[in-house]
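Peer 1: Given only the sequences and the hints, what does the whole structure look like? Please build it.
Number of protein chains: 2
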Amino acid sequence: MCSEKKESSNFGLLDIVKQCDNFPYPEETVEIQKFNTTPLILNDTKIGLLLPSVIQALRSYNEKHESPSPFVIKEDLVTFSPHVNTFEKRTKAIEQLLNSWRTEKTFSALKGWRDELYPVYGDPSGPSNMAFVIERAATPLFGVLTFGVHLTGFVKTKGHYRIWVAKRSKTKPTWPGYLDNTVAGGIPYNLSITESIIKEAMEEANLPREIAKDSVPAGAITYFTVTERGLQPEAQYIYDLELPIDVVPKPFDDEVECFYLWDISKVIDHIKAGEFKPNCALDFLIRHSIITPDKEPAYLDILYRLHRRHEFPGPSFQS
Amino acid sequence: MCSEKKESSNFGLLDIVKQCDNFPYPEETVEIQKFNTTPLILNDTKIGLLLPSVIQALRSYNEKHESPSPFVIKEDLVTFSPHVNTFEKRTKAIEQLLNSWRTEKTFSALKGWRDELYPVYGDPSGPSNMAFVIERAATPLFGVLTFGVHLTGFVKTKGHYRIWVAKRSKTKPTWPGYLDNTVAGGIPYNLSITESIIKEAMEEANLPREIAKDSVPAGAITYFTVTERGLQPEAQYIYDLELPIDVVPKPFDDEVECFYLWDISKVIDHIKAGEFKPNCALDFLIRHSIITPDKEPAYLDILYRLHRRHEFPGPSFQS
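Protein sequences appear in the order of chains A and B.
For the first sequence, the UniProt record's numbering gives the first residue as 1, with consecutive numbering after it.
For the second sequence, the UniProt record's numbering gives the first residue as 1, with consecutive numbering after it.
Any given hint could turn out to be false.
Since the list gives no way to pick out one identical chain from another, each pair is judged satisfied if it fits inside one copy or across any two copies.
[To be verified] In silico BS3-like cross-links for lysine-lysine, where the CA-CA straight-line distance does not exceed 30 Å:
hint	residue 1	residue 2
1	LYS46	LYS34
2	LYS295	LYS213
3	LYS295	LYS46
4	LYS74	LYS34
5	LYS172	LYS18
6	LYS295	LYS199
7	LYS158	LYS266
8	LYS213	LYS266
9	LYS213	LYS158
10	LYS156	LYS295
Don't read these hints as lab results, they were simulated from the structure.
Peer 2: Here it is, written out as structure tokens:
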């Protein structure tokens, strides 16, 4: 059993959501200009967003690189050079760039190297519309949309909810020691969404496949976070899993320190205390009528910010 | 029992959502410029959006009006004149304007006069942050955010859903004869959200209060529709109501022609045939795992467009 921190701060729920959706909206023109971003473009489609520090490092790399250089850097956009024109070539060009930046310690974001490849979409001739794949830790440098899964495991007794809350391991590169959804993880380029949730439930919470497979999809949350690592537009597919009281999630890999089974009121107290990773639980609490529109003044604003529209393309597949 | 139309078209679900969220987004600069709208401003806050035809009619009204005229019309904004500075005075100024337009048949939108007052928010010194109230039929002329409630009544047997679908009366001023949520209606300025859903359930579906009060809130959908009546940014609070099989909604007022209890597959067929009012049912189908992300290619795009962020202010109240 791990120790519980006593909550102290008291944020509004909208404040919490704003911590995860903190990149300005297109209509916030003054705020957005301060970021001075440059879009990463592929065939007229915006697939990422680069901060000035990344543009500068990309320029240096291009200059040192033997000709022809792999990237085209213009005043108002960055794109791949004409010879870097396939999924494989783009993936290779990005890999070489990142190896160089990693060796030269150009960006602290790359210290959290994961050895996990994430898809970046936008090329209809690539597999499932993928333009390239990229090391997970590097995604904030390119401001590309990343995809993940969230699972809320809960116990319902006589209409009364308790939620299985994970405490993130203190060694995690992002949000160490924070409270989290029961299971959360990225979607690697080679797994379906449902397979991703089952795999993560097994790895993070030691839930067997025959239990995890009963997870039901219930929507997605989308938001755009700015952190010290860079720009992180994210989409998290949301799953619910009602668990029998005798099924107890247990840490399995090193991602989670421990699990708590908490009443809703305790979950909300800890959310308001700022102890949860800020992208957690609110969508569940709204869908399950725990946060209600007659009681929560920021109901609509919370929903907007949990469903931010990203312009970036996603996967294509046959329905 | 009323007759069923046989479905013929076959739209994708995203096409349907785009019919209800068809006003361009801020980043779609070319499309948005074509509308050439002017914001209605109150104390630096945008509370509405006016088309050129409305600006022109407002200019004529101002010129004919005895001095001092109630509206200030500038190149880049419209606002109330300094002497029209309270909730009551704005409400009166709008009422007089609409009476004039109605008499002169300036806008066909006003033919559907409802005698229902809708709130427009944005004045912290007004009741619940209201700037004024306005006749419902006139809201599209001012592009003000309107609020409504949606209720999906359903029967669940062994994990299998059936939905109570309303067929709108052929005499309704908007979407006559279309299929609809079980219960839907606007939120008048003097009712809470929960009271609105109970009232509408009683009036439209003859559901008694002791049943309707078990409706549970599960979120909201928000979108921005352009119609021949004007500009309609909307927010609909979403409620679910599981009904026993022996509770049968029945038309009570003249809003609904009849109700059907349909299997999900039949509901989806009729949605794809374009027979539903396009703001219906998709949110329910996503939350209840009927539309799933591994099967629906436009899953995220559908969610974005059902949760469009409106800049316009909403009500204020103590939580």
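Peer 1: Would you mind marking each hint as holding or not holding in the structure?
Peer 2: These are the hints, each one checked on the structure:
1. LYS46 <-> LYS34: both (19 Å within a copy, 23 Å between copies)
2. LYS295 <-> LYS213: So LYS295 and LYS213 pass the 30 Å test across copies only (16 Å; inside, 35 Å).
3. LYS295 <-> LYS46: Between copies only: 25 Å across chains, 39 Å inside a chain, cut-off 30 Å.
4. LYS74 <-> LYS34: both (19 Å within a copy, 29 Å between copies)
5. LYS172 <-> LYS18: Within one copy only: 22 Å inside a chain, 41 Å across chains, cut-off 30 Å.
6. LYS295 <-> LYS199: between (37 Å within a copy, 19 Å between copies)
7. LYS158 <-> LYS266: Only inside one copy: LYS158 and LYS266 sit 18 Å apart there, 33 Å across copies, limit 30 Å.
8. LYS213 <-> LYS266: both (28 Å within a copy, 27 Å between copies)
9. LYS213 <-> LYS158: both (24 Å within a copy, 18 Å between copies)
10. LYS156 <-> LYS295: Both: 23 Å inside a copy, 28 Å across copies.
The structure is consistent with each of the numbered hints, conforming to all of them.
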